[in-house]
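Asks: Chain by chain, the residues:
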Amino acid sequence: MVPTKGLAVGQDATEGAPAPSDRELWEQLRAGREAAFTTLFLRHNKAVYNFAFRMVASWSQAEEITQAAFTTVWRRARSGELDPLERDTARPLLLWLARHEALSLIRSRQRRARLVRKITDQPTAGTDNIRSWAAHEDSMARVTQVLSRLPESQRAVVELVVLGELDLAECGQALDIALGTVKSRLSRARSKLATTDVAALLSGGDPA
Amino acid sequence: MTSEEWGHLLEPRELPDEQRMLRAVLASVSAGSTGVGSGAMTDVLAAVDRVLPSVRADLERLVAIPSISSDPDHGGDVEASAAYVAERLRELGGQVEIVAEGGKPAVIGRFRGPEGAPTVTLYAHHDVQPVGDPAQWTSRPFTATQRGDRLFGRGAADDKGGFGVHLAALRAFDGKPPVHVTVFVEGEEEIGSPTLPAIFERHGDKLACDVFVIADSGNWAQGEPAFTTTLRGMAELYVEVATLDHGLHSGQFGGLVPDALLVLTRMLASLHDEDGSVAVAGLVAGAAPDLDYPEDRLRAESGVLPGVRFIGTGSVVSRMWTQPAITVIGIDTVPVAQASNTLIPRARAKLSIRIAPGDKAERAQGLVSEHLHRHVPFGAQVTITPGAGGPASRMPLEGRYADIARAAFTEAWGIAPVEMGMGGSIPLAGMFQQLHPDALVVASAVVDPDSRMHSTDESLHLGDFEKACKAEALFLQRLAGA
Numbered sequence: 001m002v003p004t005k006g007l008a009v010g011q012d013a014t015e016g017a018p019a020p021s022d023r024e025l026w027e028q029l030r031a032g033r034e035a036a037f038t039t040l041f042l043r044h045n046k047a048v049y050n051f052a053f054r055m056v057a058s059w060s061q062a063e064e065i066t067q068a069a070f071t072t073v074w075r076r077a078r079s080g081e082l083d084p085l086e087r088d089t090a091r092p093l094l095l096w097l098a099r100h101e102a103l104s105l106i107r108s109r110q111r112r113a114r115l116v117r118k119i120t121d122q123p124t125a126g127t128d129n130i131r132s133w134a135a136h137e138d139s140m141a142r143v144t145q146v147l148s149r150l151p152e153s154q155r156a157v158v159e160l161v162v163l164g165e166l167d168l169a170e171c172g173q174a175l176d177i178a179l180g181t182v183k184s185r186l187s188r189a190r191s192k193l194a195t196t197d198v199a200a201l202l203s204g205g206d207p208a
Numbered sequence: 001m002t003s004e005e006w007g008h009l010l011e012p013r014e015l016p017d018e019q020r021m022l023r024a025v026l027a028s029v030s031a032g033s034t035g036v037g038s039g040a041m042t043d044v045l046a047a048v049d050r051v052l053p054s055v056r057a058d059l060e061r062l063v064a065i066p067s068i069s070s071d072p073d074h075g076g077d078v079e080a081s082a083a084y085v086a087e088r089l090r091e092l093g094g095q096v097e098i099v100a101e102g103g104k105p106a107v108i109g110r111f112r113g114p115e116g117a118p119t120v121t122l123y124a125h126h127d128v129q130p131v132g133d134p135a136q137w138t139s140r141p142f143t144a145t146q147r148g149d150r151l152f153g154r155g156a157a158d159d160k161g162g163f164g165v166h167l168a169a170l171r172a173f174d175g176k177p178p179v180h181v182t183v184f185v186e187g188e189e190e191i192g193s194p195t196l197p198a199i200f201e202r203h204g205d206k207l208a209c210d211v212f213v214i215a216d217s218g219n220w221a222q223g224e225p226a227f228t229t230t231l232r233g234m235a236e237l238y239v240e241v242a243t244l245d246h247g248l249h250s251g252q253f254g255g256l257v258p259d260a261l262l263v264l265t266r267m268l269a270s271l272h273d274e275d276g277s278v279a280v281a282g283l284v285a286g287a288a289p290d291l292d293y294p295e296d297r298l299r300a301e302s303g304v305l306p307g308v309r310f311i312g313t314g315s316v317v318s319r320m321w322t323q324p325a326i327t328v329i330g331i332d333t334v335p336v337a338q339a340s341n342t343l344i345p346r347a348r349a350k351l352s353i354r355i356a357p358g359d360k361a362e363r364a365q366g367l368v369s370e371h372l373h374r375h376v377p378f379g380a381q382v383t384i385t386p387g388a389g390g391p392a393s394r395m396p397l398e399g400r401y402a403d404i405a406r407a408a409f410t411e412a413w414g415i416a417p418v419e420m421g422m423g424g425s426i427p428l429a430g431m432f433q434q435l436h437p438d439a440l441v442v443a444s445a446v447v448d449p450d451s452r453m454h455s456t457d458e459s460l461h462l463g464d465f466e467k468a469c470k471a472e473a474l475f476l477q478r479l480a481g482a
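Going line by line, the protein sequences match chains A and B.
Residues 1 to 208 in our numbering are what the first sequence lists, from first letter to last.
Residues 1 to 482 in our numbering are what the second sequence lists, from first letter to last.
A portion of the hints provided could be inaccurate.
Said to hold, decoys possible - Across the chosen pairs, the derived CB separations fall in these ranges:
hint	chain 1	residue 1	chain 2	residue 2	range
1	B	Glu91	A	Gly180	47 to 53 Å
2	A	Gly32	B	Ala198	55 to 61 Å
3	A	Glu152	B	Ala198	47 to 53 Å
4	A	Ser153	B	Arg13	49 to 55 Å
5	B	Ala46	A	Gly180	52 to 58 Å
Said to hold, decoys possible - Reference listing, derived: stretches of chain A covered by chain B, where coverage requires no fewer than 3 residues with Cβ under 8 Å from a Cβ of chain B:
hint	segment
6	27-40
7	179-192
Hints are computed from structural coordinates only; laboratory data are not their basis.
For every residue, glycine included, the Cβ atom is placed at its ideal position computed from N, Cα and C.
One chain only, chain A, in its complex shape (with noise of 0.2 Å):
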């Protein structure tokens, strides 16, 4: 089964005239326009947030890392030193530096390890209840547990693609890898994972 994609573009409140491209926004975003990050970010930040959790497997610091990466544009976009955006859409360097605040978040607060340790040692919660938080962080917890066997340049790719919901190329540009080099490193992991319960998850990726 194919996840649904829940992480469509936004609606902007304009309904009438067309909505303006990520590109043109950002091209006024670079010029110090709050009103160009605002439609942004009301665009893309559940996107984000919900990557983000997908990373953490918490939704408290999904948020905190939101909050960090849309900063960490708007900061730059202040300064001047934000660079072109070189794709139509904003998506996938807003996950690539969602990824990396949650990299540094992990790292920082060795959440990961004392995490999945803890999980581990409990027996699993059923899912009848998996829409409840807690019961979704824990799920969550288990999946990236099982995804940090991965080695580093093959989890990347299945977190943009399966966890971001970038499309193959969208994950290429995020990570400046050729398409081919996805495909193959996502073939790779599928390969790795096949006999973990994750396997279904990672199937519903792209079609290889």
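Got chain A; can you put chain B on it based on the hints?
Replies: Chain B alone, transformed into the frame defined by chain A:
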């Protein structure tokens, strides 16, 4: 898990309060929050700029607390300043405790950094010297007041300003420094840290670190930073002389029986050569950095009266930092007002010996004592008793972390730090070296030669303060990559 369950797991959610976060992000760029992780921490110097106003405000509030450790009437104030320091660290997310071992309270605050990062302990003290006559101050001593580039007030520099540097560095990282940080702020430095050994015994493990930063030394000049790398130690000696067991009429026996002061003054005179150099053989004297300390500067800073010449030989800094000095700091005898025509039977003097790095207090006391015994005239009875002693220290700035410190300070100050000695001692430094011998000790400062610490009109140079804050923040950031 089945595919359907995975679908549930990846069901997206909305941010709890999208608008609140948007406001926070927009505000952060002007207000100074730096978010989490290293990714957002791209410019530590800009972050210090943003937090400086809040740190200045906290410094002024801290100056307003008259935490004079030597005055029992101010015991409550010393507790209040400890509480204020603790609260500032706590609100940054530190794990904070106030500790006391029968003396004044010290604050220990710990901030965990990333796994594998080095640990840095940052030292300052929150107690201050008495103020003397408040009327001698240009503005009220406990009301921080800016005049020109300087912030005046007791403790503004020594050493609440030192704590301000640590606060600025931690605040620039939003309480999430890139290395492990322990802050140690003691409350009785100005009275010689009497319970510091007990605090170290009980809590010393918490202060273990790779780098120990003491923000309580002195800079070379305003605008020119320094690391203090040597400290002279101290040794006291009591010299008691007796020639009679009771006073005699000076008209009757004067000219025949030696009095105690005649003996004592001749003995004390033997301690120095004609040029004022120490005449005691065997005391350690070491090499000093090649620094020029102009005589007019020395005259201005010391306040020596016109016409008075300096004593000793060798470079000025060697005489202050790496040669021994002996000073008579008190004499018990008959005061002039009570003087009568009597041969004084007994007299006593107290000597303060400053020992050079590499010497030991007991050794110096022994050598000076032997010298005095060899210079007893007229067979007088002399008793020499050692008093308190504190070791001299060498804090060599060597190794990787020291190189990082030099580079960070050079960048923040715009000029390379001078490596200097200090004539006085910081007992803490030696004690800490014994406790954690492998830690690199970096003695930095916010005080400059015009700060008049311990005197009236103490002040902090605000430009230097900013540079000191940036240097420390930069140092912590660079250590993270080491």
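Asks: With reference to the structure, classify each hint as holding or not holding.
Replies: Outcome of the hint check:
no. : hint                              : verdict
1   : Glu91/B <-> Gly180/A: 47 to 53 Å  : holds (51 Å)
2   : Gly32/A <-> Ala198/B: 55 to 61 Å  : holds (56 Å)
3   : Glu152/A <-> Ala198/B: 47 to 53 Å : holds (49 Å)
4   : Ser153/A <-> Arg13/B: 49 to 55 Å  : violated (29 Å)
5   : Ala46/B <-> Gly180/A: 52 to 58 Å  : violated (41 Å)
6   : 27-40                             : holds (count 3)
7   : 179-192                           : violated (count 0)
Of the numbered hints listed earlier, those contradicted by the structure are 4, 5, 7.
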